[in-house]
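Q: So you can see what is in the structure, the chains are spelled out below.
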Amino acid sequence: MNWTPFYPELYYFAGGMVFLGLSMARQSNPRRDYFAAMFLAALGVLVCLLNVNQEGFIFFKTYRVDLFSQVFKVMLSLGLFLIICICSELKGIAERHHPEFYLLLFVCTLAMMLLVSGAHILTIYVALELSSYSLYVLVALRKDERSGLEAGLKYFLVGILVSAVMLFGVALLYSATRVTYVTEMVRVLPGALDSPLVVIGLLLTLCGFFFKLAVFPFHFWAPDVYQGAANQVTAYIATASKVAAIAILIRMTAVTGDGSIYLAHVLVILSIVSMTVGNLAAIVQKDLKRLLAFSTVAHAGYVLIGIQCMSTFGYATVIFYAMALLVMKFTAFLVVVKVADDGRNLQMSQLAGLHRRSPLLAMALMVSVFSLAGIPPTIGFTGKFLVFAAAMQKGYFTLVLIAMINVVISLYYYLLILKAAYLEEPAEERPPLSLSPQIKILAGLLVCIMVVAGIFPTYLIELASAAAAVLN
Amino acid sequence: MEYADFPYLTAILLSCILGLLIIIFTPEDRTSQIKWVSAVFSGITLLLSVYLFVAYDKTLGGLQFVEKVPWVESLGITYFNAADGFNLPMLLLTGIVFFTGVLTMWELENRVKEFYAFYFVMVLAVFGLFMSLDLFFIFIWYDVSLFPMYLLIAVWGTTRKEYGAMKLTLYLLAGSALVLPAIIFLFANSGLNTFDITLLMKPGTFTPYQQKFAFILFYIGFGILAGVWPFHTWSPVGHVAAPHAVSMVHAGTLMKIGAFAILRVGIFLCPEGWQHWAPLMAVLATIGIVYGAFVGLSQKDLKYVIGYSSVSHMGIVGLGLSTVSVDGLNGAVFQMFAHGIMTALFFSAVGYIYDRTHTKVIAELGGLSPIMPVASSFFIVAAMASMGIPCLASFWGELMVFIAAFKTYPVGGALAVSALVVSALFMLRVVQRTFFGPRNEKFVHLTDVTFGLGIPRMILLATLLLFGLFPALIFDMIETASIPFFNGLP
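As they're listed, the protein sequences go chains A and B. Using my numbering, read the first sequence as starting at 978 and increasing by one per residue. Using my numbering, read the second sequence as starting at 13 and increasing by one per residue.
Same shape as in the complex, but just chain B:
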């Protein structure tokens, strides 16, 4: 463990908190000031997360930038943050999505102050969860990231927003209802009186039975947030209802929280439980991939299409985790990153189009490409990434997962790959109907993306390309964590 000479990780959290406080104490009518404050502080978190990603010493590996402060000593709760190969890509992802999300909502007019305040709380928790190595804090961050969602969706959302918000909140908190007992169960049975994951993950701390029992609770509890079939139904409804930036953060990073927590909590603490339940995970993940693709085929709303493609792509993450192999883990984490950037680009692009046309129904759009070529191209690139076109980041994640899956579960792997064809079909169909074909005269007067408004989308697009062309940047990083973890398994 390398202790930090400067608390970079806490600095990320603090810049969220500071931004939040400034927003709270800014008068409500000074909207542009609030937006600039948001942009500056989210920019700082982005810079810090980029710095951490670059400064992490890959040859050394292990936990770096460690910060450890006892919190409640009588219960063994520590404020324990660290960066490793698993969470650095996630922190980078959160930084990018956070910053671009703020910029995507630049045109917001309604209750600006409250929106950015809740938005900051949510992202603060997402950052906190990714960097924490203390079970108690992980749970705290998990719940904190969820509760602003209700208001964010219900106040600023669109289609069936109250229903979507309530469904999403109750589903996700039902997940936490399984997670909290499991956490306390492990805490009470370890006999170590600590919530520190690095101490609890020592082999032999828990009996195989305890591991199996706790793992399934973690898997279902966190899996609800990760969009595991059949607990995914909140996800399309919630994403459709949410405002664009919230959809971006939600599909981009919050769903990753679920998958990441399965890895960090479930797999780290209960490796035997993981191996025991892996076949079940593989089955559910495969169903999710295939089901998401087929349901996406019949959707009429742009955001629903993206929502179901998220279910399908998160299934790929689940499949990677279920292979119990280094390649699978690498692929899963890479896919989390790539999918996060990709859906953020999707929702950001749809956000621009919706703000102009005021519709997300595919049949009412059409022929947008000649009218707003740049705005359309953002969506089209995201769609290509979703299909797994090489040179874009998501290709590599999917490739690794499928290679690993073919070795372990040939049938599931084959089914999943074939679902990719369906997924390509529905994406192409959406692109064709929305952006090409006959022009809708209603929309002829609309203007294309200006440079300023294009910035967030360009950042996302550049990230997709960068890691699509140089996947080793992330793979090397993940391997510093996944290979030692695998070698440490009993």
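Only chain A is shown next, with the shape it has when bound in the complex:
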């Protein structure tokens, strides 16, 4: 068997093993762990980039490597690398747990890579569970044990419930079509979509991914988990984990070919409710991480707009949107992590005076917030624009209009964040934030990426289109 297409996964497996070894060391050494993780993650990005053009099926056709999966693997490796960049002061997690923290991050990234390449329903399920279990533990690792454990337990209970539902859906799907390979589903499903059993089976299967993406009604875990987990873990859940969820959702929706009207209707409704619930609930939040959790729910709604088009262009726009989400969500969390330098949660009021304490972070926050809200010339706007254009080509005018109204609603709370950072003065004077040069460069770079990719999106659009083209 040719193992070449599997190199990135093998690499991340080896990376995980390094930290397994380090976790057995008698004395904890956070600096060593941090630099090891940084080095391995940076090398991992390189490995993934070098393997972008791999193609082929391995493991008896249960595992598919193509441009689609490889693009997402680059995004995932990049997500991991970015998260580790903000782990230099990992105060949210006890020092003796640092190696485990990195171990779980690597394993979780590995699992998500398996997920985006899965071509058999069982591969997908196992990969999904592996990534979920890593996250359950990561959430519970928080130093402040009460909130961490509570969040971990909530996440776990909802997660296994959804897993059961998903398995039930898989069983229904199998009983109706007798296929388990994704490649065969592509052949069989489009013709079988008028059977209720298939539609229900497919929807229940998709529930597992809805849960990952925090789509209504599977979003209840999101605010509590975001709030309870350590800041870096939340950042990871909000970026890399969402990217993987988007990938697998595209992969599973693409098997239905042109799709069925029932499926599209359900997706449209879920999309509308997710956007609206997410945006309305975000308005009243005071904890920045909770607010971002609800904004994630809203973004899941925007993602579904592109997915329910069930066209190659629609999938391409969603891939672009995933790239945008990765960058802009991460930037927002970079600010959260750096402003909350004691590792606690960040309240909106703590942003007060940020424009004086660190003009760079305030600017990064402003650009990421505008990008999340979808204001040009940022990458977030281009993403939304593409998704809306895809929906409009399918004739969903009302859906686009509702989405735009949601954008305006969301703008209200995004502006409140800006108001806190730029207008409000802190009750007691707080010292300027000292940032390491690396973080300054990273923040500046992210701001540039968000703006430049918003103004010159051509290359990314072409990449996303090429990735989407291999789906069928």
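Rather than coming from a laboratory, the hints here were simulated on the basis of the structure. Be aware that one or more of the hints could be misleading.
Said to hold, decoys possible - Calculated cross-link-like contacts (lysine-lysine; reagent style BS3-like; alpha-carbon spacing at most 27 Å): (1) A:1417 with B:125; (2) B:125 with A:1396; (3) B:179 with A:1263; (4) A:1396 with B:179; (5) B:70 with B:179; (6) B:70 with B:80; (7) A:1131 with A:1120; (8) B:224 with B:419; (9) B:214 with A:1371; (10) A:1396 with A:1417; (11) B:224 with B:214; (12) B:179 with B:80; (13) B:125 with B:179; (14) B:454 with B:312; (15) A:1263 with A:1120; (16) B:125 with B:47; (17) A:1068 with A:1131; (18) A:1396 with A:1263; (19) A:1371 with A:1417; (20) A:1396 with B:47; (21) A:1371 with B:224.
Said to hold, decoys possible - If the Cβ cut is set under 7 Å, some of the chain B residues that face chain A in the computed set are: (22) 84; (23) 88; (24) 159; (25) 183; (26) 186; (27) 192; (28) 200.
If you're wondering where the values come from, they're calculated on a predicted model, not measured in any experiment. Ideal Cβ placement from N, Cα and C applies to all residues, glycine included.
Starting from the known structure of chain A, fit chain B onto it as the hints suggest.
A: The following block gives chain B in isolation, referenced to the frame of chain A:
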């Protein structure tokens, strides 16, 4: 189409961007350097826009100084800038207001660097929108021009600034929530895979139904920014709250963006929709004119008075557009220009007075004319322009619109003209109470405008006079665009 031998239009944008970059990288405490950089680069944009206005070949007409670069080819997005008879007056207006706005804020002390940086972003977008002929870019510029407003008003504003800023931003972005679906709707239904307005405006591209549907979205969406009644309520509140230069740019050019985009996007692409909805536009515009005048009558704050007079004057622009005639279009575009200069002068003049007296409440002022005769005269001239006194630019715009309106909508035209009387009444009342009458002893020690600080106001005043005495300078320009456009209508 005449391609440009030198990218003048892009040069305007680039000088904004360059100025912005220099401001960003200048240390915060060197305020006077920041102000000079702002003045120089805004001066360059003014010179360029004047040059374009003069160099445009009126005998040739059509699109000139064209710059076309493919941007995202797979989606048919082009970076497409051009100058024609409609947008040249607007570019000139923006250049003048931008430059005078920078000078008006010369005495700013608080967070100077950030103020000028946001101010440059906003004006950059205004320029971009006026010169663009690509739907996608028009939307981008539209949104970019709005988002700095929130911080500009909320940080540097005055009365109820946070409320005003939030209200303004949400209202205007709600407008863009209607515009974006309409743009994508046209894009998806044209089948041409392009955002190029010159290609999309070919007759027969859209069915009458599509045109009617898209036009009403454009009209309401952009109309919110143009201050169309009943979507105007953000405007007085926002203008009162904003710092002077922002009020100048906002009332002077941003509201024009709304009206201009209705013309450039709505009317160009959906002429049948325009004809279908024209009566509705006329009704709303007339209500706006009358309503603005009457509400202005009862205001106690100087800036509120100007804010409501803006609603009234922008109603005249809307009325001109609704007549579906060459005269109406000419008058509307002229009125946009004249009103832009006039409100800029208003806010600039009030800015000087407010910085000295720290109040805008009419009852607390009084008798200012003997104390600061020059500063008062600026306001009084603006008030005269607002009343439509001949020899000042706004007279011609109003005249043309009313002539056209009488032909098409006699009742609406008559109502609108009668509202002018009310408008004259409230302006005279404000002038009388603020500048004449008993002197307020508190303000006796105040000094008059120095020559340096008077420059921006003098430029604005001179522009009002120049185009009031030689209206043909602009009318000839507009006609090179409006007459061919009308003849091309099906």
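Q: Given the hint that residue 224 of chain B pairs with residue 214 of chain B, does the C-alpha gap stay at or below 27 Å?
A: Answer holds: residue 224 of chain B to residue 214 of chain B is near 16 Å, not above 27 Å.
Q: Tell me if the straight-line CA distance from residue 179 of chain B to residue 80 of chain B falls inside 27 Å.
A: violated, 37 Å
Q: Are residue 192 of chain B and chain A close enough, Cβ to Cβ, to be under 7 Å, as the hint says?
A: holds, 6 Å
Q: Quickly compare the C-alpha distance for residue 454 of chain B and residue 312 of chain B to 27 Å and report which way the hint goes.
A: The given pair, whose Cα atoms are some 19 Å apart, holds under the 27 Å limit.
Q: Holds or violated: residue 1396 of chain A and residue 47 of chain B, Cα atoms, limit 27 Å.
A: holds, 25 Å
Q: Does the structure keep residue 214 of chain B and residue 1371 of chain A at a Cα separation of 27 Å or less?
A: Cα-Cα ~24 Å, so holds.
Q: Holds or violated: are the alpha carbons of residue 1263 of chain A and residue 1120 of chain A at most 27 Å from each other?
A: holds, 22 Å
Q: For the hint on residue 84 of chain B, does the least C-beta distance to chain A fall short of 7 Å?
A: It holds, given that the least Cβ distance between residue 84 of chain B and chain A is near 5 Å, below 7 Å.
Q: Holds or violated: residue 1396 of chain A with residue 1417 of chain A, Cα cutoff 27 Å?
A: Holds, because 23 Å separates the two Cα atoms, which is no more than 27 Å.
Q: Taking 7 Å as the limit, does the beta-carbon of residue 200 of chain B come near enough to a beta-carbon in chain A?
A: This interface hint holds because 4 Å falls under the 7 Å limit.
Q: Within 27 Å, alpha carbon to alpha carbon, are residue 1371 of chain A and residue 1417 of chain A?
A: Judged against 27 Å, a Cα distance of about 43 Å means the pair is violated.
Q: Are the Cα positions of residue 1371 of chain A and residue 224 of chain B separated by 27 Å at most?
A: Answer holds: residue 1371 of chain A to residue 224 of chain B is near 20 Å, not above 27 Å.
The earlier numbered hints that this structure contradicts are 5, 12, 19, 23 and 25.
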